[in-house]
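**Q** Protein chains in written order, with the numbering used here: chain A, 1 to 508; chain B, 509 to 1016.
Source of the hints: derived by calculation from the structure; they are not laboratory data.
Some clues are possibly wrong.
[Said to hold, decoys possible] Among chain B residues calculated to face chain A with C-beta under 8 angstroms, some are:
1. Phe535
2. Gly601
3. Gln607
4. Gly855
5. Val887
6. Leu895
7. His900
8. Arg920
9. Thr947
10. Leu954
11. Tyr1013
[Claimed, not checked] Below, a list of computed lysine to aspartate or glutamate pairs in the DMTMM-like style, where the Cα atoms sit at most 25 angstroms apart:
12. Lys828(B) - Glu408(A)
13. Lys381(A) - Asp780(B)
14. Lys892(B) - Asp403(A)
15. Lys889(B) - Asp6(A)
16. Lys381(A) - Glu916(B)
17. Lys384(A) - Glu916(B)
18. Lys320(A) - Asp514(B)
19. Lys384(A) - Asp950(B)
20. Lys381(A) - Asp403(A)
The structure displayed is predicted, hence computed values, not measured ones.
Positions of the beta carbon are idealized from the N, C-alpha and C atoms, including for glycine.
This is what each chain is made of:
2 protein chains.
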Amino acid sequence: MNVRVDWRASCSLVGTVVKWLAVAMVFPLALAVFYGEGVVTFLASMALAVGIGWSLERLDDDPDLGAREGFLMVALTWLVVSFVGASPYVIAGQGTVGQPVNALFESMSGFTTTGATVMGSIGFERHSRALMMWRQQTQWLGGMGIVVLAVAILPELSVGGAQLMDAEAPGPGIQKLTPRIAETARALWGIYFAITVLEMVLLYSLHLADLAPNMTLYNAVAHALTTMPTGGFSPAARSIEAFSAAVQWLIIPFMVAAGTNFALFWHLLNGDFDTFREDTEFRFYASVLAVFSGLVAILLFTGGTPELTAVGPLSGNAEKALRHAVFQVVSLVTTTGYASMDFAQWGTPAQYVLFVMLFVGGSAGSTGGAVKIVRWLVVLKSLKRELFTTVHPEAVRPVRLGDRALDERAVRGIYAFTLLYLVIFFVAAMLVYFDAARTGLDLVALDAMSAVAATLGNVGPGFGIVGPMESYLRFPRTSKLFMVFLMWIGRLEILPVLVLLTPAYWQS
Amino acid sequence: MNVRVDWRASCSLVGTVVKWLAVAMVFPLALAVFYGEGVVTFLASMALAVGIGWSLERLDDDPDLGAREGFLMVALTWLVVSFVGASPYVIAGQGTVGQPVNALFESMSGFTTTGATVMGSIGFERHSRALMMWRQQTQWLGGMGIVVLAVAILPELSVGGAQLMDAEAPGPGIQKLTPRIAETARALWGIYFAITVLEMVLLYSLHLADLAPNMTLYNAVAHALTTMPTGGFSPAARSIEAFSAAVQWLIIPFMVAAGTNFALFWHLLNGDFDTFREDTEFRFYASVLAVFSGLVAILLFTGGTPELTAVGPLSGNAEKALRHAVFQVVSLVTTTGYASMDFAQWGTPAQYVLFVMLFVGGSAGSTGGAVKIVRWLVVLKSLKRELFTTVHPEAVRPVRLGDRALDERAVRGIYAFTLLYLVIFFVAAMLVYFDAARTGLDLVALDAMSAVAATLGNVGPGFGIVGPMESYLRFPRTSKLFMVFLMWIGRLEILPVLVLLTPAYWQS
Ligand SMILES: [K+]
Ligand SMILES: [K+]
C-alpha cells in the first residue's frame, strides 16, 4: 500500500504537545509538596511525558502538515495525551481509578472535558489533593485544546460544517498556521484564562463573605478549572449540591459563558456590544436556555418530582425550583455536567427534557460539546427552507445565518454531521446494551442511552446508573473502553477520527 | 389575503373518496346481517358518508388539481375519511371506543394503518363482529390509499426525496394523472388484493389442516386484511400470541411482503427475477431484517428475558427464540405491529433493539411507515460519501442507488426528511410527557418515547403502558388528539401536512 500520509510529521507534533504535559504537572507536583503527599507519582509521570514526547518528536525534525496530517495529529493528540495523562492515576494507585482501564477512562474524560467518572467514591481520604487537582487540571488543559481546535483546526479541515465555527473568514489552510490564526488562538486563551481567574476570585470571595462555608481556596481553584472547559469534574462527591445556593447561582453565568462563542467576548472587550447582542447563534442559545429552564422550573415547582431529602422539597418553592431548573438546563446544554442536586431522581418529564438537552451542545467556538447549537440552528432553518421549496420547487433560497448566506456544501455538511451523530448514538447505545447483556449487568432504558449521549456529547453524567451522584464504574471494561472511544470521537467532532478508518484517507 | 389555492377542487375530490366509504361499509353491514347484529350503525354511517361526500363534491363540479391542491387533497382525505370512518364506533357505542375522541383515534389509527388501539378490552362479548371487521377493514382501505400515495402522488410532489419511491421515471405532474400512473396504481392494487386473498386462503388452510384451531374464517379474513397494509389490528386480545406457531411462521413472510416495494412483485409477475434479486433497497431491507432478527434471537436464547408464563421460557429453546425474534423484528421494521408475545416484557437490551426498529420503516412503494428503509440507505451512503469528501474536498462524487446517480436535491430532501422526523419525535415525546405531568399520569422513559415513535411511524404498539397487550386508553384526551395528529402526519410523510401550516403555501 502506498501510504501518502506523512504520519511521522503528525506524530512529531503530538510529541511536542505531550512534552508540555510534563510542564503542566508542575502544578499538582507543587500541591503534593505543599500538602506533604507523595511526589513520586508526578515525578514519574513527568519523566514518562518527556520520554514519550521526545521519542515522538524524533520521528520528524521539521514537521510540515497538510490537511490529512492535520486529521491524524488531532486524533492522535487527544489519544496519546489521554494515555500519558492516565499515568498519575495508575502510579498513585488510589481507589478504583488506579486500575489501568479506569485510569484511561478518567483521563480521556478529563482531556475531552467530559467529566464522566469511574471513581467509586470521591473524597480526599481516598485520593490525594494533588491527584484530584490533576483530574481537574486535565479538563482545563483539554479546554485549551478545544479552543485551538475550534478556531484554528476544524474550520480549516471543513469538518461537518465547522467552517461556521470560525468567526472570521477562513484562512489559507492549516499547513500555514497564519499569524492571524495564532493570534486569535492566543487572544481566546487570554479570555479563557481571565474568566477562569475571575470565577476563582468570585467563588473564594463568597467564602470570605461567609456565603459559602466550604468553598475553600482549593475548591475555588478546582471549580474554576472545570467550569470554563465545560468539564464538570468536582472534588466534591455530590458535585455542586455540596455548596450553598450563592455558589450555585454564581456558577450559572460562568457555565453560560463557557458555552458561548469566545470570539464574542473578544468583540465585547473591543467595545463592540452590537456584535454580541445581534449574534444569531447567541440569541438562539439564550432562548433555548431560557425556554427549557422555564419549562423544567414549572415541572419542578408544580411537583412533578419526588421529595428529595438532600435538598428538601422543590414543589411550591419558587427560588429552589428555578435555581435547580436553570442550573441543570444550563449545565447540560453547555455540556458542563455539574449537578446542583440529583436530577436523576426527578420525575420522568423533567428527566426527559434534560435527556434531550444532552444533544444540544454549546456554541461554536466554545468548549461545549455535543451537536453544538449552531448546527441545530442551521438544521431548523434548512428544514424551514425545505418546507418553502416543497411549495415552490423552482425557488432558490439560501439558508441565512445573520447576514451570511450559507454555502450549500456547509448546509449539507451540517445535515450529515447531525445525522451521523444521531446514528452513532442509536447504534452505540445498542452496543452498550449488548455488552451489558453479555456480562449480566442489568440496565433500564435511560441507563445506556444517557451514558452514550453523555459520553459522545462530552457532558458527563446521565440518568439511572450513570446519574450525577453515581459513576460509570459498574460498566464492564469493554463498555468503558468503548466509551473512551465515544468521548474521543465526540470531542473531535467525529469526522477527524472516522476518516482515519477509511482506505481513501491512507491512499493517494 | 390572496388565497391562490383552489381548496374547492381539493375538497371536491375528498368528497368523492368519502362517498366510496359508503360502498366499503357494505361489507360490515352484510356481516351484521349475517351475525344478526344491529344494522343501524352501518346504515347511519353510510348515510353520513354519502351526505358529507356529496356536499364536498358540490364545491367544485370539475376539479382540476395542481401541486398545491394535491397537498391539500392528500392531507384532507385522511382527515375527513378518519372522521367519517369513526362514526360506526360512536353510533355503536360499544366499550371505550364509543367515546368520540377514542373513536377518532381508533379510526385514524385504522386508516393510517397504525394499529394503535384505545379499546379497553378486545373481544366479541363487548364489540360486535361487524364493528371489529370495520376496524380491520379501515386498515385494508388505508393500505390501498398508501399505494396510490406512494406510487402516484408523493413522487409527483417531490416530498422528502419521495422521487425515489417511484420505480419508474417521474411523470409530468399530478395535474395530469397519466394513464400510465393510473395503470400502475391498478396493477399494484391487483397485487395487494391477490396477496391478501392468498394469505386468507393459507391461514384458513392451516385451520382446516388442524394446525390452527382458532384460525376461523373470520380470523383468517381479519388478519389477511390487516397484514398487507402493515396495519396490525387483530380481533384477538393478545394479537398473534393467541394463535399457533404455524400461524406465526406463516404470517412472517406476508409481513415481509407487505414491507417490500410492490413494484418488485410486478416485475416478478412479468418473469423478471433479476430486478427483484438485484434491487439495492430490497437487499438492504433483507439484511436489516436478518441481522436484527439474529441479534434479538441470541438475546432471547441466552436468556436476557424473564420467563413469561403465557408462552413459556424462551432461553435455551431455539425454535421459540428464533420465531419470536424474527416475528417481532419483522413486525416492527415493516411497521405492522402484530405481537407474537408480550415483547414489552423482554429484557432491556432486546427491547432497545425493537425500539430502534420503530424508526426503520418499510420499503418505498410498500404500505410500511416510519422513515422508510430507502431513506436510511441513502443517508448511510451519503454519510460514507461525506467521509470521502472530507479527505478529498475537491472530489465530486454522486450518491448511487443501484445504477442510478441521485440528484443532490433528492439527497438533501432525504437528509431533511430524516432529521425532521427525528426532531418531531424528540419534541413530540416532550409534549406527551408535559401533558402526562399536567394530568398526573405517571410515565417512565420508554412510555412516551415509544408511544410517539409508534404513532408517528404508524407502527402501533410500543413499550410500557403502550405495550402490545396494553392500549393507548390511559393517555389524556389531549395526548390522544395529539397522537391522532402524529399518525396523520407520519402516514403522509409529514411535509404535505406541514406545508399547509406555512403562509407561503396559501399565498401566491
Ligand atoms: K462535561
Ligand atoms: K401498523
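**Q** Compare the structure with each hint and give your call.
**A** Cross-check of the supplied hints:
1. Here the hint on Phe535(B) is broken, as its CB sits about 37 angstroms from the closest CB of chain A, past 8 angstroms.
2. Interface restraint check: Gly601(B) against chain A, minimum CB-CB distance 34 angstroms, threshold 8 angstroms, status violated.
3. The interface hint given for Gln607(B) is violated, since its Cβ lies 26 angstroms from the closest Cβ of chain A, which is over the 8 angstroms cut-off.
4. Nearest Cβ of chain A to the Cβ of Gly855(B): about 7 angstroms, under the 8 angstroms cut. The hint holds.
5. At a threshold of 8 angstroms, the smallest CB-CB gap from Val887(B) to chain A is about 6 angstroms, leaving the interface hint in force.
6. Because the smallest distance between the Cβ of Leu895(B) and any Cβ of chain A comes to about 5 angstroms, under 8 angstroms, the interface hint for this residue holds.
7. With a cut of 8 angstroms, the hint placing His900(B) at the interface with chain A holds, because the nearest CB-to-CB distance is about 7 angstroms.
8. A cut of 8 angstroms between beta carbons decides the hint on Arg920(B): the least distance to chain A is about 7 angstroms, and the hint holds.
9. Hint on Thr947(B) is violated. Least Cβ distance to chain A is approximately 11 angstroms, over the 8 angstroms limit.
10. The criterion of a C-beta within 8 angstroms of any C-beta in chain A is met by Leu954(B), whose closest approach is roughly 5 angstroms, and the hint holds.
11. With a cut of 8 angstroms, the hint placing Tyr1013(B) at the interface with chain A holds, because the nearest CB-to-CB distance is about 5 angstroms.
12. Taking the CA atoms of Lys828(B) and Glu408(A), the gap is near 51 angstroms; set against the 25 angstroms cutoff, the hint is violated.
13. A C-alpha spacing of about 45 angstroms is found between Lys381(A) and Asp780(B), which places the hinted pair above 25 angstroms, so the restraint is violated.
14. Between Lys892(B) and Asp403(A) the CA atoms are separated by roughly 32 angstroms; this puts the pair beyond 25 angstroms, and the hint is violated.
15. Using a Cα cut-off of 25 angstroms, the hinted pair Lys889(B) and Asp6(A) is violated, with the two alpha carbons roughly 29 angstroms apart.
16. Of the pairs offered as hints, the one joining Lys381(A) and Glu916(B) holds, with about 19 angstroms between alpha carbons and a cut-off of 25 angstroms not exceeded.
17. Between the alpha carbons of Lys384(A) and Glu916(B) the distance comes to roughly 18 angstroms, so the proposed pair stays at or under 25 angstroms and holds.
18. Our distance criterion of 25 angstroms between C-alpha atoms is broken by Lys320(A) and Asp514(B), whose separation comes to about 55 angstroms.
19. The straight-line distance between the Cα atoms of Lys384(A) and Asp950(B) is roughly 35 angstroms, outside the 25 angstroms bound, and the hint therefore fails.
20. At roughly 14 angstroms between alpha-carbon atoms, Lys381(A) and Asp403(A) fall within 25 angstroms of each other, so this suggested pair holds.
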